[in-house]
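Keeping their order, the protein sequence lines are chains A and B. 1 is the number of the first residue of the first sequence in the numbering used here; add one for each residue after it. 1001 is the number of the first residue of the second sequence in the numbering used here; add one for each residue after it.
Since the hints were derived computationally from the structure, they do not count as laboratory data. Just so it is clear, the structure is predicted and the values come from calculations on it, not from any experiment. Every residue gets a Cβ at the ideal spot worked out from N, C-alpha and C, and that includes glycine. One or more of the hints may lead you astray.
What the hints assert, rightly or not - With the C-beta cut set under 8 Å, the calculated list includes, among others, these residues of chain B facing chain A:
#1 T1169
#2 T1173
#3 K1231
To be verified - Straight-line distance between alpha carbons at most 25 Å, and here's what the computed SDA-like set of lysine to any residue pairs gives:
#4 B:K1187 to B:T1285
#5 B:K1200 to A:E146
#6 A:K138 to B:V1243
#7 A:K139 to B:R1176
#8 A:K155 to B:E1137
#9 B:K1200 to A:L14
#10 B:K1194 to A:E146
#11 A:K97 to B:R1160
#12 A:K138 to B:K1187
#13 B:K1241 to A:E148
#14 A:K139 to B:K1247
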Amino acid sequence: MKCENCNNPATVHLTEIKAGKKIEKHLCESCAAALEGIGNAKGHTPINELLTNFVMAQSGGALKEQTSTCETCGITWAEFRQSGVLGCANDYRTFEKELAPLIQRAHEGATHHVGKVPTRRGSTTLAPKRRVDTDKLKKDLQRAIEAEDYERAAKLRDQIRTAENA
Amino acid sequence: MKLNDLTSRAGEWLRGNGPMSEVVISSRIRLARNVAGHNFLSRCSRAQRNSLETKIRTALLAETDQFAKGLFYVDLADAPEIDRQLLVERHLISKPHATAEGARGVAVGEEESVSVMVNEEDHLRIQVLKSGLQLEEAWEQINQIDDVLESQLDFAFHPRFGYLTACPTNVGTGIRVSVMLHLPALKLTGEIEKVFRAAKDMKLAVRGLYGEGTEATGDFYQISNQTTLGKVEEDIIQDFKHVVIPKIIDYEHHARRTLLNERLTALDDKVHRAYGVLRAARMITSEEVLLMLSHLRMGVNLGRLQGIEIRTINEMLLMSQPAHLQKLMGKKLEGDARRAARADFIRKKLGVA
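One chain only, chain B, in its complex shape:
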């Protein structure tokens, strides 16, 4: 398995067939872990950083059969910028991890549903990503991976504060549970602010498509927990599964019904305009693609547009991003040339010449 093979297909989580997939794009859980006896990364010398990376990589590759089929490791200090960007676009590494310096890497396995970042803010950032609402499944898997890694590495742990992390905001369980939601109807009915307020009241963070510091584009929102101490992992997950997410899904469904019953023409106008733009554009930016695909996805989910699969829409979402597009075209593209290539790609996917 090589990095270049990734471009040709979509990860497991983008198949669009998970539970509640009409609203929930994906479920993600990550655990922050540090190896005992080593400084956190901000206080590591270059040599210490190198030896940490080697130690963790060795541990990851020693146990591949046990936790992640088809595991491969990417040395990010050595990888070209476009490959690092590609990994960001696929949600396998964070933006800071892509642009950082020094020895660091990522292990990817199980059809991209598992990734372990090495030497990010913490020594290890383990992630499991699944399509639709599958938090319990994700927890079961990541818990197992954590157990396997723990048999190889001694994790820093404090009887009072739990798993120790570089930033005290992650201390305790070191868990972050994030659910990616598609909420176009709440946006159109102007009720999305209420969701934000409710989330804030529940101490949850709302972010954009690429996590911390990114704007919500195309009505895709990531909701995640911020409190990591004083709550059992399963409770945090149950809260999401039974309280937080169902409530938001209900709001969105309600807004979708309102659109169908009271503003059908306006809804159809949005959906078909988006379809028109995507079929006709000769140059298009990734922001516009996101917005148009968001409306298209809503139209398909509400039965206002036939003949397009959610999977195709997800594929377009992924492949029209800069690094993917350039990999696909096999050359560096910028400005107008890139926008033109993107429009061509989309038209082809939608079956127009």
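If we strip away everything but chain A, and leave its shape as in the complex, we get:
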């Protein structure tokens, strides 16, 4: 198949739904980038690099956090920044402020845990309820429709309804 715009081989195939009509486009990589802004996009920076950059950016400044130490395991923020590995569970409390932005960068902007929660016997801590992320479901729905997987789309639609009514 050839690119609709030039005569290079088409490697990018798009299906758009506009006003209920399916429009297919077949383009080569450079035309797709030029016309649709697809492909050629610079890949995401790997997490390690993000972490390193983040740590490097912070290590220069004389921040007061540098002196804070975890009472449980004795690790300092500076030591963590050097090794990338925490010393104990309590570090997540001790360094919560410093860790939060770092964690957010490493996890596509996420700030809170959703998902499995331990049902600890005899525990008094109140576990947060499992939250259903409807944005994510909606994105999945869009993808399912694009992939013409209507069975899955229907399931997702029902899930979104239930979540939004809850």
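Given the coordinates of chain A, work out where chain B should sit on it, guided by the hints.
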């Protein structure tokens, strides 16, 4: 069940009969967990490390009937190097876990589809490994194992950050979903880079046969998630099952069809050359075996070569690795002697003297 019994057979996941097995070798899910009230391992004294190991081992062995049939425990601090290497080759422990120091171990059960590493980077690294694309099944099983272990051990958990891990990149669910793919056609058509780029855009990692820090040899690639916070486990799994993996499988199928329709002679040449090398070689390295077996596997899957089972190919993949080969031969082998033993083993498996 002893470690030595492992050498004589292939694990469940290598049988090669799972769903989508023409492209998907195996599905793996692991959970990282730490025991509350104990420091993470980098801040453990030798005594603390020992007591942790004892505590977790006891918990694992107390509940064996509930989660893993035929569970056995290997004390890795005490195990010879070749045994540790064997466990790495079987994907039951990580390379760092094999070479680390101090009290540590691994529990293995359910025909090697379940393994729990003790005192790796985190206190526990629970793993379920299945053949073909079986992510939901793997999740169901590992979720149950996690529940059983949780009744014995109090896991470190934070209301905001979820399950707490030594490295903040694993925090939250502590889950890593990995699918091992065989993508020889995409490699031959030069389109594999596109898969890498797409994976990166989706925040997924692409690695080699043995996970972190290993090169992809023989067109075997491991795709895994990197984001562990802010997503429900089931969503991560559904994403893999319905979006990521089907897309890559489609690409590979498309590339395979292209080879069949447009480059049949070149394809046959690759496949039969590989078959020729494996049948004729008198000395061969494990890298070359991987590459040749990859082409052979493609040839069998595309019907260009008859009379060889995928299972046999998988067995050769596993058994021709250094530790397995030496266990099989019952002696330490190096250099030329090892390469010769490997070539002999392969020829025998392929029915040539």
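Verification of the hints:
Proximity of T1169 (chain B) to chain A holds as hinted, the smallest CB-CB distance being about 5 Å (cut-off 8 Å). About 5 Å separates the beta-carbon of T1173 (chain B) from the nearest beta-carbon of chain A, less than 8 Å, and the hint is met. Because the smallest distance between the Cβ of K1231 (chain B) and any Cβ of chain A comes to about 7 Å, under 8 Å, the interface hint for this residue holds. With a C-alpha separation of about 21 Å, the suggested pair K1187 (chain B) and T1285 (chain B) falls inside the 25 Å cut-off, and the hint holds.
At most 25 Å may separate the alpha-carbon atoms for a hinted pair to count; K1200 (chain B) and E146 (chain A) meet this at roughly 21 Å. Annotation: proposed proximity of K138 (chain A) to V1243 (chain B) holds, straight-line Cα distance about 14 Å (limit 25 Å). Distance check on the hinted pair: K139 (chain A) and R1176 (chain B) sit about 22 Å apart at the alpha-carbon level, within 25 Å; holds. At roughly 20 Å between alpha-carbon atoms, K155 (chain A) and E1137 (chain B) fall within 25 Å of each other, so this suggested pair holds.
Between K1200 (chain B) and L14 (chain A), the direct Cα distance comes to roughly 20 Å. Compliance with the 25 Å bound is thereby established for this hinted pair. Of the pairs offered as hints, the one joining K1194 (chain B) and E146 (chain A) holds, with about 20 Å between alpha carbons and a cut-off of 25 Å not exceeded. The hinted pair formed by K97 (chain A) and R1160 (chain B) meets the criterion: a straight-line CA distance of about 12 Å does not exceed 25 Å. Annotation: proposed proximity of K138 (chain A) to K1187 (chain B) is violated, straight-line Cα distance about 34 Å (limit 25 Å).
With a CA separation close to 16 Å, the supplied pair K1241 (chain B) and E148 (chain A) stays within the 25 Å bound. At most 25 Å may separate the alpha-carbon atoms for a hinted pair to count; K139 (chain A) and K1247 (chain B) meet this at roughly 17 Å.
Of the hints listed earlier, the one the structure fails to meet is number 12.
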